[in-house]
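S.K.: Heads up: the protein sequence lines correspond to chains A and Y, in order. To convert a position in the first sequence, counted from 1, into the working numbering, add 1. To convert a position in the second sequence, counted from 1, into the working numbering, add 36.
Calculated directly from the structure, the hints in this document are not laboratory data. If you're wondering where the values come from, they're calculated on a predicted model, not measured in any experiment. Honestly, I wouldn't trust all of these hints.
[As the list claims (entries may be wrong)] When the alpha-carbon atoms are kept at most 20 Å apart in a straight line, the in silico SDA-like pairs for lysine to any residue are as follows:
id	chain 1	residue 1	chain 2	residue 2
1	Y	143	A	11
2	Y	145	A	152
3	Y	143	Y	127
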Amino acid sequence: MPSHDVMPNMELYQPVQVEDALAIADRLAERGWLVGGGQDTYGWLKDRAKSADALIDLSAIESLRGIRETADGIEIGALTTLTEVATSDLVRGSFSLLADAAGKVASPQIRNIGTLGGNVSQDVRCWYYRRGLSCYRAGGNLCYADTPQGMNREHALFDQSRCVAAGASDTAPALVALDAYMVIQNSSGERVVSAQDFFVGPANDIENTTILRPGDILTAVRIPSAWANADFYWEKVADRNVWDFSLVNVAAAFKVSDGRIQDSRIVVGAVQTTPRRLTDVENAIRGSVRSIETAESVKEMTTTGARTLAHNGFKVPLMQNLVKRAISA
Amino acid sequence: MNSKLTRRRFIKGVIFSGAAATTGAGVYLANAQSGAGAAERLITMNINGRSRPVDVMPSETLAYTLRYKLDLTGTKIGCNRGECGACTVLIDGVPNYACSVLTHNVKDKAVVSIEGVKSADGSLHAVQQAFIDENSPQCGFCTPGQVMSAVALLNSNPRPSREEVRAGLSGNLCRCGAYEHYINGVLRASGQIA
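Produce the complete structure using the sequences and hints provided.
M.R.: Below is the structure:
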């Protein structure tokens with residue numbers, strides 16, 4: 002037997018009812034760590050970069066799994082795996098944008114256990130932060146990435162505020178594009194927030210990527226029918242087709258009638274901590290045809306306000322071209 | 037006892053508890069300890085069709101349990117962080133990275149590792165034989181994981197296209213770069229090349 006342990010020892014709770022999970026999460030508060038599929042969690046714990054006294058494993062709670070039709074759209078349990086989201090007839094049928102995004106996450110094995118709730122709640126990807134260094138996001142007072150020698154090729158173009166890490170989720174931009182809602186429960190009740198408001202950037206909260214707080218459990222994602230069967234466009238660019246996180250991704254939905262764009266939602270991922278919705282571009286192309294000319298006319302607007310770091314300048318033309326493809330496709 | 041908290045729910049709810057029995061926490065921790073205490077670590081795993089009792093730490097990964105508790109060392113640990121696929125096993129028929137699953141997550145599930153894919157009479161699985169016939173492995177370290185992904189693929193899709201094989205094995209790295217040979221092996225195992 003090897004002389005090392007893989008992860009430090011800790012308590013493990015495996016509730017089978019969401020009420021029990023809420024009670025445990027409330028009681029443990031900061032000492033507890035919620036686990037869905039664990040594909041983000043275990044890295045933190047194995048590296049000893051973060052720790053918890055107790056794991057609260059949600060994977061045995063059947064009521065948090067599955068995809069159901071609702072009066073207005075669909076509801077996806079937060080513990081539904083990414084494979085289930087990617088292959089579900091309900092999702093594929095009306096919201097293929099989300100299925101396409103879920104099907105591009107990481108690798109088949111990770112999608113087989115990784116959950117939708119975990120994918121949107123995962124922490125940012127930054128070498129320094131994940132290494133356990135005391136950076137701003139970890140409670141320290143400097144950023145190691147935004148330096149002349151820093152490895153920041155994967156980092157953010159927008160909304161940098163001390164921290165320059167980019168969000169890693171592929172499904173988050175798709176959910177913002179679909180105007181989804183996140184259902185959050187804690188011991189005092191339930192609240193429902195829009196996907197757009199669920200994600201938070203470093204200017205508002207530098208130590209969290211979502212509004213979830215100790216005691217909160219993301220239980221479901223609701224997708225209203227407003228954007229069902231719109232014309233969708235999803236594309237992810239990463240170094241490898243498998244495993245790697247997006248360098249930039251785009252999730253877009255268009256409502257077209259008489260050949261003209263009536264309405265659209267264009268959301269870009271991995272260019273800031275939160276999914277970046279391009280409201281100015283959406284407004285500018287309203288009433289236009291989906292064409293290469295329309296796309297060209299908003300090309301500069303796509304990346305207005307970008308502040309490049311030493312090594313991530315390539316993300317500006319990459320983002321412009323992905324949005325161009327989305328609009329002209 | 038709170039009527040909502042039956043003994044069964046306690047036992048399912050608490051695997052292991054450390055010494056930190058505090059008030060409020062007590063309802064869960066105290067019961068677990070006054071019951072069987074550390075015995076909650078003792079679980080019965082369904083591995084390769086057999087039930088095997090094993091003492092499992094709360095944060096122990098399946099790969100660790102298989103290799104170092106059950107002596108099933110066919111499952112390889114490459115990166116130990118879900119980035120290579122060498123530790124791939126089937127959990128209820130679905131390929132997963134054993135390094136990135138807690139053993140306590142699979143106690144109600146059927147786990148098949150590379151030791152469990154051959155037939156009862158000892159003859160190799162069609163995928164294993166085809167990998168030999170195609171000289172698929174080079175160094176062989178990733179091979180157990182490649183076999184498991186291929187077995188899962190053929191179970192759900194007996195005659196996959198080359199592209200489908202590529203996708204099916206895409207979560208398994210091969211640092212020798214023998215991908216084409218593995219893909220040929222899967223196509224041979226599915227009877228599409230001879």
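S.K.: Please go over all the hints and tell whether each is borne out by the structure.
M.R.: Hints, verified against the model:
no., hint, verdict
1, Y:143 with A:11, "18 Å, holds"
2, Y:145 with A:152, "42 Å, violated"
3, Y:143 with Y:127, "10 Å, holds"
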